[in-house]
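Protein sequence lines correspond, in order, to chains Y and D.
Note that my numbering has the first sequence beginning at 1, numbered continuously upward.
Note that my numbering has the second sequence beginning at 490, numbered continuously upward.
Derived by calculation from the structure, the hints in this document are not laboratory data.
Heads up, some of the hints might be wrong.
[Said to hold, decoys possible] What follows is a set of in silico ranges between Cβ atoms, one per label pair, in the way DEER data are often shown:
hint: 1; chain 1: D; residue 1: Tyr-756; chain 2: Y; residue 2: Gln-199; range: 53 to 59 Å
hint: 2; chain 1: D; residue 1: Pro-552; chain 2: Y; residue 2: Leu-48; range: 57 to 63 Å
hint: 3; chain 1: Y; residue 1: Ser-222; chain 2: D; residue 2: Asn-520; range: 57 to 63 Å
hint: 4; chain 1: Y; residue 1: Gln-199; chain 2: D; residue 2: Glu-566; range: 35 to 41 Å
hint: 5; chain 1: Y; residue 1: Glu-54; chain 2: D; residue 2: Ala-620; range: 29 to 35 Å
hint: 6; chain 1: D; residue 1: Glu-733; chain 2: Y; residue 2: Arg-206; range: 46 to 52 Å
hint: 7; chain 1: D; residue 1: Lys-699; chain 2: Y; residue 2: Thr-234; range: 56 to 62 Å
hint: 8; chain 1: Y; residue 1: Gln-477; chain 2: D; residue 2: Gln-601; range: 30 to 36 Å
hint: 9; chain 1: D; residue 1: Cys-691; chain 2: Y; residue 2: Phe-205; range: 54 to 60 Å
hint: 10; chain 1: Y; residue 1: Lys-195; chain 2: D; residue 2: Thr-603; range: 23 to 29 Å
[To be verified] Within a straight-line C-alpha distance of at most 20 Å, the following computed DMTMM-like cross-link-like pairs (lysine to aspartate or glutamate) qualify:
hint: 11; chain 1: Y; residue 1: Lys-59; chain 2: Y; residue 2: Asp-434
hint: 12; chain 1: Y; residue 1: Lys-410; chain 2: Y; residue 2: Asp-366
hint: 13; chain 1: Y; residue 1: Lys-198; chain 2: Y; residue 2: Asp-63
hint: 14; chain 1: Y; residue 1: Lys-195; chain 2: D; residue 2: Glu-593
hint: 15; chain 1: Y; residue 1: Lys-198; chain 2: D; residue 2: Glu-590
hint: 16; chain 1: D; residue 1: Lys-764; chain 2: D; residue 2: Asp-701
hint: 17; chain 1: D; residue 1: Lys-558; chain 2: D; residue 2: Glu-532
hint: 18; chain 1: Y; residue 1: Lys-195; chain 2: D; residue 2: Glu-590
hint: 19; chain 1: Y; residue 1: Lys-468; chain 2: Y; residue 2: Asp-434
hint: 20; chain 1: Y; residue 1: Lys-198; chain 2: D; residue 2: Glu-593
hint: 21; chain 1: Y; residue 1: Lys-195; chain 2: Y; residue 2: Asp-63
hint: 22; chain 1: D; residue 1: Lys-671; chain 2: D; residue 2: Glu-532
Where is the CB? At the ideal position from N, CA and C, for every residue including glycine.
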Amino acid sequence: MSMPAQSADHAPMPAPFSDYEIAAAYDEMFLASGRPRPHYRNLYTQLLNLPPEELHRSKNESDLAFFNQGITFTVYGRAEATEQIFPHDLLPRIVTNSEWATIERGLTQRITALNLFLADVYHEGRILKDGVIPGEIIYTCKHFRRQMHGVKVPRDVYISVAGTDLVRLPDGRFVVLEDNLRVPSGVSYMLTSRKVMKQIFPALFRKCGVRPIEQYSQALFSTLRSLAPEGRSTIVLLTPGIYNSAYFEHAFLARQMGIELVEGRDLVVHDNAVYMRTTSGLQRVDVIYRRVDDDFVDPLAFRADSSLGVAGLFNAYRAGNIVLANALGTGVADDKAIYSYVPEIIRYYLGEDPIVDNVETFLMTDRAQREHVCGNLEKYVVKAVGESGGYGMLIGPHSSREQRSEFRDKILADPRNYIAQPTLMLSTAPCFVDGQVEPRHVDLRPYVLFGEKVTIVPGGLTRVALRKGSLVVNSSQGGGSKDTWVLQN
Amino acid sequence: MLSRVADSLYWMSRYFERADHCARVLEANYNLMLNPSKLSAEERWHRIMASLGIAATASGIDPQMAMIKLTSDPDEESSIVSCIAESRENAGQVREQISSEMWECLNCLYHQVTQADGRLDTDSDPLRLVAAVREGAYQFQGVTAGTMNHGEGWHFIQLGKYMERSCSLPVLLDAYFSAAGKADYLDWVGLLASCAAFESYCKVYTADLKPDSMAEFLLLNPEFPYSVRYAVERMCAAIAAISETSFTKVAERIERVAGRLRASLAYVPIADIMKGGLHRYLDSVIEQCNDLHAAVHVVYIDY
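Using the sequences and the accompanying hints, generate a full structural model.
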């Protein structure tokens, strides 16, 4: 949202910050006085002293590095030029170690509770019997998998990999906007963008003391191995194939972990065991890190028109002969309506208060809340509960009268499918735009791994809405990324 | 190794070799076409097409346009740019198997050749592009040898490369020797240059370009990388290595076809080949290569 610059309560800023407006949002770099926050001082000084040509040169270098390495994503629906580089902003987003400590504790607590919740929902359903969550909201969830009822999952770990979207409110608090518990992506951008940044700002790295994230692939591998049966540990990564928008990432992770990258057509099921087709004949597979949605993993159990999956996989899974990570049916825990119950879920299973809060959420199934939201749509963001990637969303303050009336009809026709949240003023961080440094809205997606223990590498993907004033950070909607630096102290 | 992966590595390598071969042939001939000759420009261009195994189109070819088409037209499936694109497409399917340096090298080359898309106009533009592909090919081979494990995947890459070479060299030889009577000294230079063989040939036979010697050199020389025999030897070595690393017995069929081809190139003297008809011999080499390709496919890829 573009807000007019506040009355000049701070001195004009020097180049390259002369166009920098500090508005109502929390700014990651600057205090309201226009002075840089202490943990940004090194970057600030560096930028003041860097000639503009140098910044341009660095920007070109980083773009070229991304292009030549083919770090691209696919934009659907265009025949030519479908591969685009992921827009990458030159300036790092910096988080202090103490802020990070809170995030880390909060996300550990959250994933622990959500795993207990899934184990409960797919077995006894205590939380439903105790009336903490209405059963109806579970059973009407598009991503609830009836077939998973009573299926034993190794270590009771349903979610092994989560990508939780955090945003920072004007008061400086981080809150959870969304849990991505199915097949979260983006971690390869986090890793490659760090590599590029090290080439471009070596001096700044030396000065700042940035905590490393390069161990992510190893941590992911350990997490997957911890789920494997005793003595057997052939792990593969299942990708939908090269036309998937995240294929680059699948290949990247498989290579980093040294495991086979397989497609559905490489796998066969015999006698309820899964094998891959190799040049030495069929070879048994024990763990599948699957980057294919539930719906598509097995045409016999789920969508029959899927050609991405493996026929018979689900039976092998039920028989306990193959481990899938994430487990099937985790989508029930990141449904946006169930999201509003996560604080209750944490209290119910852990007896603790949430360390990182939720965003206030209105359920459209509740009559009073629905009427309130429908009467004030211009103030709210309305989201479809099972969508991600910024699709199926209405941003009230930026919407037209027609769009609002269209969404009002949609909500009334299917209240279970929508939730509303107040329009959040996402925090802003400095970005290098057209030769100037300007604020743009950002979020933060750390990656949480859950196997033998919870591992969160310090950092994550900072997504940035590169269009001025925009609040939408998704790559499919004109968003880009930034490196995220968690400082050592 | 996954069968699909082996297949992609094989084709990545074959297409790359095809682009490289095409670039070399075009570069060698385009230079020579600047000299006057007994043959008309059109006849010479037809020979270039034939030496690349492309069916000659209707008469009235404008050599310069044809050159542009064969280098940078993405709709022409034999063009250099199409081959590089196919190679990259296959590499993209197995990016976690090849080193990132290999991908970066291939990706850079791809962007370099596609950038030119349709905007080649001056005489030197296609030549520059062709030179870039040749340079890129040396770099890619070097990067591949230097950064990738020399395991099963690498052997499939070698197999693809030398299979392509074993198939394309006989076609090239056939195009020249079927019209040997009309050819002058510079045409033969063109043949040797198409295989980067001029200097190597001279070291063995001196600058005296005799058709029989050239046929012997390009078919049977055991040491020159662009001879058919050398390519077939490397191909057989790759097949043996694959059977060792994948713990499969070499299927009888592969062994028989490969062994026979190899033996004929190693033991039949050039005089006998010429007596029996070079064209027939070259055809049988291509046929045996096709057999070998099919046998490998059945054993390792699509069983």
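Here's how the hints hold up against the structure:
1. D:Tyr-756 - Y:Gln-199: 53 to 59 Å: The hint (53 to 59 Å, Cβ to Cβ) holds, given that D:Tyr-756 and Y:Gln-199 are roughly 56 Å apart.
2. D:Pro-552 - Y:Leu-48: 57 to 63 Å: holds, 59 Å
3. Y:Ser-222 - D:Asn-520: 57 to 63 Å: holds, 58 Å
4. Y:Gln-199 - D:Glu-566: 35 to 41 Å: holds, 39 Å
5. Y:Glu-54 - D:Ala-620: 29 to 35 Å: holds, 34 Å
6. D:Glu-733 - Y:Arg-206: 46 to 52 Å: holds, 48 Å
7. D:Lys-699 - Y:Thr-234: 56 to 62 Å: holds, 59 Å
8. Y:Gln-477 - D:Gln-601: 30 to 36 Å: Holds, at about 31 Å.
9. D:Cys-691 - Y:Phe-205: 54 to 60 Å: The hinted range 54 to 60 Å holds for D:Cys-691 and Y:Phe-205, with Cβ atoms some 55 Å apart.
10. Y:Lys-195 - D:Thr-603: 23 to 29 Å: holds, 26 Å
11. Y:Lys-59 - Y:Asp-434: Roughly 10 Å separates the two Cα atoms, so the pair holds.
12. Y:Lys-410 - Y:Asp-366: holds, 15 Å
13. Y:Lys-198 - Y:Asp-63: At roughly 14 Å apart (the allowed maximum being 20 Å), Y:Asp-63 and Y:Lys-198 satisfy the hint.
14. Y:Lys-195 - D:Glu-593: holds, 15 Å
15. Y:Lys-198 - D:Glu-590: holds, 18 Å
16. D:Lys-764 - D:Asp-701: Measuring from Cα to Cα gives roughly 11 Å; hence the hint holds.
17. D:Lys-558 - D:Glu-532: holds, 18 Å
18. Y:Lys-195 - D:Glu-590: holds, 15 Å
19. Y:Lys-468 - Y:Asp-434: With a Cα-Cα distance of about 12 Å, the restraint between Y:Lys-468 and Y:Asp-434 holds, given a limit of 20 Å.
20. Y:Lys-198 - D:Glu-593: holds, 19 Å
21. Y:Lys-195 - Y:Asp-63: Measuring from Cα to Cα gives roughly 13 Å; hence the hint holds.
22. D:Lys-671 - D:Glu-532: This hinted pair holds, its Cα atoms lying about 11 Å apart.
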